[in-house]
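K.L.:
Sequence:
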Amino acid sequence: MSDEILPKNKMSSRFTPEQLKVINSPLQSHAKVMAVAGAGKTSTLIARVKKLISQGVSPSSIAVFMFNKSAQEEFSSRLINAMSDSTGATFKLDVMTFHSFGMKLTQGLERANLIERAQLVTNDFSLIKLLRDAVQQLKNISSQSLSYGDDKDWLEDALLFVDQVKASTKTATDVFAEGDWSTERSFFPDLYRELETLRKKQKIRFFSDLIQDPLCFFLDNVSSMSEQAQKILPQIIPNYKYILVDEFQDINESQYELLKCLYYSDCFWMMVGDVQQCIYEWRGANPNIMSNQIDTDFIGLNNYALSQSFRFGHQIGMMATNLLAHNNSNTLVIGNEENTECVFTESERVGKALLVELKRWRRLHNTLSNGVVLVRLYSDMVPIQLALMHKRIPYQLHGDSPLLENRQVRMLMSYIAVMAGGLESPDLFYNKQDIAYLITTPSLGLESSQQKVVKEQAIRSPHLIPQLLESIANTSSGWRAKKINERADWLRSLSLYAKQPEKGLSETIERLNIYRYFENTSSKDIQFDEKVATCDAFISYVEGVKLSAQEILFELKTLADNSVSINKNEQAHGLHLMSLHKSKGLEFDLVIMVGLREGRFPYYESGEQAPVKIEAERRLFYVGITRAKQRLVLLAKPNERDQKRLNSASLPDAKESTLSRFVLESQPILCQKVLAREALEVEDIAQVNKYIDRAHLQIAAPVIQKKSSVSRQLKPGEKVRHEQFGEGTIVRQETTSKRMIFVEFEEVGFKRFNPEHTKLLRDESS
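If you use the working numbering, the sequence shown corresponds to residues 9 to 774, in order.
The set of hints was computed from the structure by calculation and includes no laboratory data. One or more hints might be untrue.
[Stated by the list, open to error] Pairwise CB distance ranges, derived in the manner of DEER restraints:
#1 R368 - S85: 32 to 38 angstroms
#2 S66 - S92: 37 to 43 angstroms
#3 S92 - S37: 25 to 31 angstroms
#4 H471 - S108: 54 to 60 angstroms
#5 A580 - G757: 51 to 57 angstroms
#6 L504 - E478: 29 to 35 angstroms
#7 A580 - K399: 16 to 22 angstroms
[What the hints assert, rightly or not] Once the Cα atoms are required to be at most 27 angstroms apart in a straight line, the calculated BS3-like pairs of lysine-lysine come out as:
#8 K100 - K239
#9 K77 - K637
#10 K137 - K637
Please read these numbers as outputs of a predicted model, since none were measured by experiment. For every residue, glycine included, the Cβ atom is placed at its ideal position computed from N, Cα and C.
Using the sequences and the hints, build the whole thing.
P.N.:
Written as structure tokens, this is what we have:
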């Protein structure tokens with residue numbers, strides 16, 4: 009029994025009532041556990057494992073699935089400590105990643121000769137080489153003349169597409185059709201099929217194939233498996249009776265279907281996660297599996313919630329709850345009694361605002377290693393890195409190349425070098441290989457073999473580049489020849505901008521149509537936007553420092569040298585810089601969020617604001633704010649209009665706001681006022697009162713409902729405004745328990761809402 013391991017009263021003191029319900033859930037039933045950020049999932053899962061074992065369940069029949077190696081190692085270590093503390097006994101219990109499970113399964117199928125043996129290849133270079141070989145094979149067998157451009161233009165997209173297909177149970181054609189790929193990538197389905205042909209011919213497997221190959225075997229043979237195979241399989245497939253999956257919101261179709269093939273019958277599942285933290289859809293994660301599908305697949309599924317977070321205080325908890333209500337989620341994120349500050353910056357200049365905040369934090373805490381800067385888009389990291397480099401503040405950059413290794417920055421630096429006289433003095437180039445950018449950006453439209461020769465000639469004799477371009481133009485014709493001659497003339501004239509490098513860069517981008525080139529060579533809007541934003545941020549820096557071309561190059565080289573001279577020990581204890589995607593699963597005392605402008609975050613392509621994409625972006629903002637333990641800094645200075653909205657807790661209007669709608673939706677000022685026990689009026693009193701009740705807060709001052717925005721009091725025929733869909737008219741409102749409200753919008757037509765979670769503003773002029 010459980011109290012043989014831990015006395016009941018002692019267990020109760022360690023766990024919340026919500027956690028105890030999960031730990032003590034019926035043994036022979038399935039469970040879905042919706043756990044908010046920082047809710048103590050690991051401790052709860054470990055206690056659940058101990059409970060199972062105390063009830064006589066064999067450890068060998070329990071499987072715990074994690075989504076990465078570090079999480080698996082941490083869980084295993086904590087589980088061993090927990091079990092040894094209570095029993096001192098050794099035991100065998102499988103805690104694994106999906107890939108390690110897939111590897112064991114694949115090896116077993118190979119030994120039984122049920123699938124073909126293949127070598128596991130773990131380096132990315134081998135996959136890249138195979139993709140290049142597949143492209144060449146496509147060119148050889150195609151009846152049309154195919155041109156895919158430079159590898160760098162399509163290779164990153166191709167790697168992502170391969171991951172998406174192998175995470176799915178759909179065909180490559182269907183995955184492509186359902187994605188937002190450009191027509192320039194229409195060869196991807198054929199490329200994938202050619203890649204698989206080569207892979208199987210060469211008898212190799214990559215990590216994603218450790219799930220995909222066993223799944224294909226079981227799906228293809230489920231109804232026609234030989235009697236011998238049926239006898240062998242029980243020796244290959246571990247006999248698990250209890251399946252526990254952490255971070256279940258990140259599961260993809262292939263992983264889910266493989267587990268179902270093996271453990272759907274006579275096995276009990278506990279699926280733990282937070283759908284609102286699903287931020288990896290772009291690589292195959294499917295939040296719908298947890299939010300909807302498992303409710304249908306598992307009859308009698310018990311639903312549990314872990315709403316209490318132990319990471320942050322009530323202000324962050326209320327902000328997260330307010331935010332998620334806009335995703336039509338009734339999730340409550342309850343903070344703890346510790347205070348977590350949330351502040352805006354006083355300066356509009358990103359670099360200055362950052363340095364002021366870091367100075368304050370280091371004065372109080374004497375370290376920056378417990379702090380992080382989070383961005384939605386890596387181009388927002390340009391001024392951050394430059395500010396840190398100037399002040400010699402050590403930092404750790406995660407998931408991206410250092411600033412001065414960025415392709416767009418190095419391209420701009422090569423043109424600055426020309427302004428400084430680099431064609432005659434090549435040592436002025438930051439790196440001699442950067443000379444090639446003068447030839448390749450924009451592309452001259454040469455065949456790859458010819459371009460390689462031209463690049464080598466340019467690097468060997470940069471002073472001859474204008475003549476080299478003219479000779480290429482002489483062998484070309486029409487518009488192309490004209491553009492190449494114009495580039496030769498422009499390179500000769502760039503020295504005129506030696507004292508105004510920022511003007512020289514802006515003119516170069518315009519004269520050479522560099523942004524047009526970026527647009528033509530980017531398959532997704534976000535890739536194009538990031539390249540442009542990186543260039544714009546770097547040019548703003550050049551303009552701000554007011555140095556000559558030669559001085560700028562010297563300054564950048566000095567900054568780079570200083571970064572190298574900072575010893576590795578300092579860097580290892582420096583400020584962390586990473587994307588919001590990279591921050592998932594981590595926590596920091598200090599969190600600084602950058603790039604909080606509408607259109608940047610949420611980011612949406614070509615002016616589109618599809619609800620599903622906005623919801624995904626909102627989940628990302630939720631992940632960001634819930635990383636903070638002590639202090640959350642929103643590195644933005646609201647303008648007068650946005651400040652008024654924040655002060656009055658008004659709903660955001662994306663068409664009018666410059667500040668990210670997510671900041672306004674989370675209502676940080678409202679949360680401060682509630683906790684400070686100030687009287688205030690709010691747009692959604694039900695949401696505030698619900699939080700106050702569940703968090704057991706004692707609020708002295710009254711919270712009053714604003715009369716003009718109570719959607720449940722709206723009547724048919726009244727005009728309303730929705731933050732995303734614009735102007736509309738109330739059609740009807742149901743009187744059932746959910747009281748659904750129906751609105752006809754002028755632009756998008758008929759929509760149906762739950763007024764508990766949707767903000768509709770009455771048009772007072774109606």
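K.L.:
All hints, please: hold or fail.
P.N.:
The hints, checked one at a time:
Taking the beta carbon of each, R368 and S85 are about 36 angstroms apart, inside 32 to 38 angstroms as hinted. The supplied range of 37 to 43 angstroms is broken by S66 and S92, whose beta-carbon atoms lie about 18 angstroms from each other. A hinted range of 25 to 31 angstroms holds for the C-beta pair S92 and S37, which are about 29 angstroms apart. At about 57 angstroms, the CB distance of H471 to S108 agrees with the hint of 54 to 60 angstroms.
Taken as a hint, the range 51 to 57 angstroms holds for the pair A580 and G757, whose Cβ atoms sit roughly 55 angstroms apart. L504 and E478 have their C-beta atoms about 20 angstroms apart, which leaves the hinted 29 to 35 angstroms range violated. Between A580 and K399 the beta carbon distance is about 18 angstroms. The supplied range of 16 to 22 angstroms therefore holds. Among the hinted pairs, K100 with K239 is consistent with the structure: their alpha-carbon atoms are about 25 angstroms apart, no more than 27 angstroms.
For the hint pairing K77 with K637, the CA-to-CA distance comes to about 24 angstroms; that is within 27 angstroms, so the pair holds. Using a Cα cut-off of 27 angstroms, the hinted pair K137 and K637 is violated, with the two alpha carbons roughly 44 angstroms apart.
In terms of the numbered hints stated before, the structure departs from hints 2, 6 and 10, listed from lowest to highest.
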